[in-house]
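Everything in the sequence shown is counted per the numbering used here, starting at 327 for the first residue and increasing by one.
Source of the hints: derived by calculation from the structure; they are not laboratory data. Just so it is clear, the structure is predicted and the values come from calculations on it, not from any experiment. It cannot be assumed that every hint is accurate.
Computed beta-carbon distance windows for the label pairs [unchecked claim]:
(1) Ala398 <-> Thr337: 26 to 34 Å
(2) Thr337 <-> Pro386: 33 to 41 Å
(3) Gly334 <-> Glu423: 26 to 34 Å
(4) Ala338 <-> Ala446: 26 to 34 Å
(5) Gln415 <-> Thr337: 27 to 35 Å
(6) Thr337 <-> Glu471: 16 to 24 Å
(7) Val387 <-> Arg357: 14 to 22 Å
(8) His359 <-> Glu382: 31 to 39 Å
(9) Ala338 <-> Glu419: 30 to 38 Å
(10) Pro457 <-> Thr397: 15 to 23 Å
(11) Glu423 <-> Asn353: 30 to 38 Å
(12) Gly458 <-> Glu339: 21 to 29 Å
(13) Ala454 <-> Pro354: 21 to 29 Å
(14) Ala383 <-> Asp361: 27 to 35 Å
A virtual CB, placed ideally from N, CA and C, is assigned to each residue, including glycine.
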Amino acid sequence: QIVRETAGLMTAEAEREGARLIFALANPLPRVHADAVQLEQVIVNLVRNAIEAMAEASSPVREITLRTMPTAEGAVEIAVEDTGPGLPQIGRERLFEPFFTTKTDGVGLGLSISQSIVEAHGGRLTAAPRPGGGAVFRITLPVAEEARHAAA
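Model the full assembly from the supplied sequences, consistent with the hints where possible.
Dropping the structure here:
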């Protein structure tokens, strides 16, 4: 639900830059305990980064796939996949450091703050190259304890 609502906020911005949002949302998913506003902030940041990266690189195909799925480890994954230029090799290991940026006008705090928010919820935020080009950012959040017991 949070992913769907957040995507609704970002659709107009994506369209202005010639990008298309694609949804691959598992339904139903186990519940997670998360502050909805903070999680929306993380997703907005990841989607906006994807839009900006594709626009700056003049990517011919501009698609952002928002994917949700349960993981084998008993967590929920939210993935933001783009068809942009991918992750720069030179800064890949520094992506989540405060004040590190690959943008010409970036401050370098968005990914650092996003990672802190996800970790405060007991989760992980990771980045990897997308097969075929682009990048994938994955948010992994633990399933709420009551949802874990209900599934057992």
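Problem set entry | CB-CB spacing for proline 386 and threonine 337 relative to the 33 to 41 Å hint | This hint is violated: roughly 21 Å between Cβ atoms.
Exercise. Falls inside 26 to 34 Å, the C-beta gap from alanine 338 to alanine 446?
Worked result: holds (29 Å)
Exercise. Between threonine 337 and glutamate 471, is the Cβ distance one that fits in 16 to 24 Å?
Worked result: Given range 16 to 24 Å: violated, Cβ gap about 34 Å.
For this session: Could you say whether the range 27 to 35 Å given as a hint is met by the Cβ separation of glutamine 415 and threonine 337?
Result: With a Cβ separation near 32 Å, glutamine 415 and threonine 337 satisfy 27 to 35 Å, so the hint holds.
Problem set entry | Consistency of beta-carbon spacing, asparagine 353 to glutamate 423, with hint 30 to 38 Å | holds (36 Å)
Problem set entry | Pairwise beta carbon distance, glycine 458 to glutamate 339, judged against the given window 21 to 29 Å | For glutamate 339 against glycine 458, whose Cβ atoms are near 24 Å apart, the range 21 to 29 Å holds.
For this session: May I ask you to test the hint 27 to 35 Å on the CB atoms belonging to alanine 383 and aspartate 361?
Result: holds (33 Å)
Problem set entry | Whether the CB-CB distance between valine 387 and arginine 357 falls inside 14 to 22 Å | Because 35 Å falls outside the window, the suggested range is violated.
Exercise. Given a hinted range of 21 to 29 Å, is it respected by the beta-carbon distance of alanine 454 and proline 354?
Worked result: The hint (21 to 29 Å, Cβ to Cβ) holds, given that alanine 454 and proline 354 are roughly 27 Å apart.
Exercise. Falls inside 26 to 34 Å, the C-beta gap from alanine 398 to threonine 337?
Worked result: Between alanine 398 and threonine 337, where Cβ atoms are some 32 Å apart, the hint holds.
Problem set entry | glutamate 382 and histidine 359 - C-beta distance against the hinted 31 to 39 Å | holds (36 Å)
Exercise. Should the hint that proline 457 and threonine 397 are 15 to 23 Å apart at their CB atoms be regarded as holding?
Worked result: holds (19 Å)
Hints 2, 6 and 7 from the earlier list are contradicted by this structure; the remaining hints agree with it.
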